[in-house]
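Assemble the whole structure, with the sequences as input and the hints as a guide.
Below are the chains, spelled out letter by letter.
There are 2 protein chains.
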Amino acid sequence: MKKQNIRTLSLIVCTFTYLLIGASVFDALESQTENRRWTTLSDIEKMIMNKYNISPDDFKLLETLILKSEPHKAGQQWKFAGSFYYATTVLTTIGYGHSTPNTIGGKLFTMFYAMVGIPLGLVMFQSIGERLNKLSSVVIRKAKRLSGCTEIEATEINLICVVTTLSSLTIAVGAAAFSRYEGWTYFDSVYYCFITLTTIGFGDMVALQKDNALDTKPEYVIFALIFILFGLAIVAASLNLLVLRFVTMNTEDERRDEAEALQAAQGAVRLEGDVITADGSILSGQLGENNAVYHNISTTTSMCTCTCNCFRRDSDLQLGPTVSMPVDSLSCDQLSMEEYEQVMEVLMVPRTRVSI
Amino acid sequence: MKKQNIRTLSLIVCTFTYLLIGASVFDALESQTENRRWTTLSDIEKMIMNKYNISPDDFKLLETLILKSEPHKAGQQWKFAGSFYYATTVLTTIGYGHSTPNTIGGKLFTMFYAMVGIPLGLVMFQSIGERLNKLSSVVIRKAKRLSGCTEIEATEINLICVVTTLSSLTIAVGAAAFSRYEGWTYFDSVYYCFITLTTIGFGDMVALQKDNALDTKPEYVIFALIFILFGLAIVAASLNLLVLRFVTMNTEDERRDEAEALQAAQGAVRLEGDVITADGSILSGQLGENNAVYHNISTTTSMCTCTCNCFRRDSDLQLGPTVSMPVDSLSCDQLSMEEYEQVMEVLMVPRTRVSI
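So the protein lines, in turn, are chains A and B.
Residues in the first sequence are numbered from -5 upward in steps of one, following the numbering used here.
Residues in the second sequence are numbered from -5 upward in steps of one, following the numbering used here.
Rather than coming from a laboratory, the hints here were simulated on the basis of the structure.
Hints may contain errors.
Because identical chains cannot be distinguished in the list, a pair is counted as satisfied if it fits within a single copy or across any two copies.
Using 27 Å as the maximum straight-line C-alpha spacing, the simulated DSSO-like pairs for lysine-lysine come out as follows [what the hints assert, rightly or not]:
#1 K62 / K40
#2 K204 / K73
#3 K136 / K(-3)
#4 K211 / K67
#5 K54 / K73
#6 K211 / K54
#7 K211 / K73
#8 K136 / K(-4)
#9 K73 / K40
#10 K138 / K54
#11 K45 / K62
#12 K(-4) / K138
#13 K204 / K67
#14 K40 / K67
And the structure:
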């Protein structure tokens, strides 16, 4: 079976096993507390229903009323500040759900907004994350030079340490601030920061939902929004450093397989390293991960300034006026337009192209 | 300013503009309804408080009681099925928040679980998404061949059409099923499917929260979980096709810049295309995206089977016994171990490596 399929199947098995383990642990941790809690809550409920002699129908109405009133009691959710907060939770996929659209227009717009916004947010955070890693590597290099290290390059381990420290610091500082503003315990604030920055966003604890903070505490609103956006950039830096390479693994392998298959089909020799041609000149260069196809390396001795359109027509080649073009092992007669396209695709394919 | 920085800044400006526009539209769409809704809700609340003469303190207690009881009334959330559902919402970052851990152990385990689970889920879904795209391209090619097309390759446009159709179908079929099981309107079900598959997961509408479904309707539980996991794989296929290349843009540019800087520093000539050496032999090959460095192409005529350890010591070169190694423009005396490492890094860097 193909390596990419085996990898995907292994990942599916791992993830399902991980879900099964998770389910068992959560069951063990929460199940008993849930039963105790529910007993206590329903006891108090019965007590109040009896005290005021509330009819079951009225109690149902009261339930709906209280559940629907929750976001309203936390303050105006859809003025500009609240709407900005909501738009942020959509674009980042945090989706607390502390306040959700009630109109059909709001729901429809949310869907269209997310369709463009989520990819935009994803690309922006990854872009910032990569810049942060670059900045860290520059700082590390300078620090190493100043401290007189012999090896001044920033290693991946260095960067992982920096990004882990930055993430921990962001959560620690954020948690301290939220704990102070919201009156949560420090542990609960850490939990809130973590659930927010992983974009899980349960919504069991949501900042800016006390004392009408969205309308009355602009400085706290700004802090909370900056925390979310900055924190997500730090998380993106970690993902860029630790996860992105695994995300693109199948695509890379697929491209490599395609290039190898093309080479094999054309009977070309794949050489890794530098070689000498029959006439003693040197073909220098390493066949890198891009699998640039080296045609006819060992046999080509004749050449002409090719005037046919098999290589000429592609302006992307960017050949200077003094550079001649070879008649390759793939001669113009042999090379159909389709094969030509295939060769060009393998040779010139951008590295971020998705394998098709 | 560097291209990567300009790109990142442009993305930040775009995203903030998009957030501001979103905030204005949401404000316009929801603000008035919110006010009307709040007036109605508080009127009914006052009415019930007066009818039963409930004291403000008892009403507050009732509020807390009803809010805390909500997940319990929807059925047992932390038996195995419910815990599996919860673990799925953590791993996928949907995070409905329909039920959240109440114990410190549960919260702590959620954090550790997410730290491993989210990257695992991300890699798995992207891996499946890439395989789905590959499968689509094979099916498209076969369909084109059968229908007698001259161009049988699956283009990116073809794939985008397939993935869009599949996503729409998944949402349409899912919405029909949820509408039937949950009693939601079809529009609301579409909204639920969309909010779920984008992993926003507000939690305003959550499947499996009616009639104790988690414990009493195993077939519906299985359907809902399969819908989420399959749907997310389809979404991952779209992201793999449309977004992944933009996510890795900065990293690719950074790698290209590094290679160019190294070439420039060593006074090497970067040639794109095929060239003739002074003695008439041909250096065939395209300088691809990997920026394989071609050293001293136009001048090297002498060579030796180098015995120094400047190129030898790296076993990764995988040179066959008959392949000799050149004395490059970077002669062994000129090349320090550090420079050597740099050259090797640029030449052999895996394509998924994160630029540091």
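Results for each hint:
1. Within a single copy, K62 and K40 get their C-alpha atoms as close as 22 Å, and across copies as close as 15 Å, so both meet the 27 Å cut-off.
2. In the homo-oligomer, the alpha carbons of K204 and K73 lie at most 27 Å apart inside one protomer (16 Å), although the nearest pairing across protomers, at 33 Å, exceeds that limit.
3. For the identical chains of this complex, K136 and K(-3) are inter-copy neighbours only, at 23 Å across copies versus 41 Å inside a copy, given an alpha-carbon limit of 27 Å.
4. In this assembly of identical chains, K211 and K67 lie within 27 Å of each other by CA distance solely inside one copy; the values are 16 Å within and 35 Å between copies.
5. Taking CA atoms no more than 27 Å apart as the test, K54 paired with K73 passes between copies only; the shortest distance there is 26 Å, against 30 Å inside one copy.
6. Taking the closest pair of Cα atoms, K211 and K54 come within 27 Å of each other only across two copies (24 Å); inside a single copy the shortest separation is 35 Å, beyond that limit.
7. Within a single copy, K211 and K73 get their C-alpha atoms as close as 14 Å, which meets the 27 Å cut-off; across copies the closest is 41 Å, which misses it.
8. Taking the shortest alpha-carbon separations for K136 and K(-4), only the inter-copy value of 20 Å comes in at or below 27 Å, while the best intra-copy value is 45 Å.
9. Taking the shortest alpha-carbon separations for K73 and K40, only the inter-copy value of 25 Å comes in at or below 27 Å, while the best intra-copy value is 38 Å.
10. Taking CA atoms no more than 27 Å apart as the test, K138 paired with K54 passes in neither setting, with 67 Å inside one copy and 59 Å between copies.
11. Within a single copy, K45 and K62 get their C-alpha atoms as close as 24 Å, and across copies as close as 20 Å, so both meet the 27 Å cut-off.
12. Only between protomers do K(-4) and K138 lie at most 27 Å apart by alpha-carbon distance; the minimum there is 24 Å, versus 44 Å within a single protomer.
13. Both within a single protomer and between protomers do K204 and K67 lie at most 27 Å apart by alpha-carbon distance, with minima of 9 Å and 26 Å respectively.
14. Taking identical chains as interchangeable, the C-alpha atoms of K40 and K67 lie at most 27 Å apart whether they share a chain (25 Å) or sit on different chains (14 Å).
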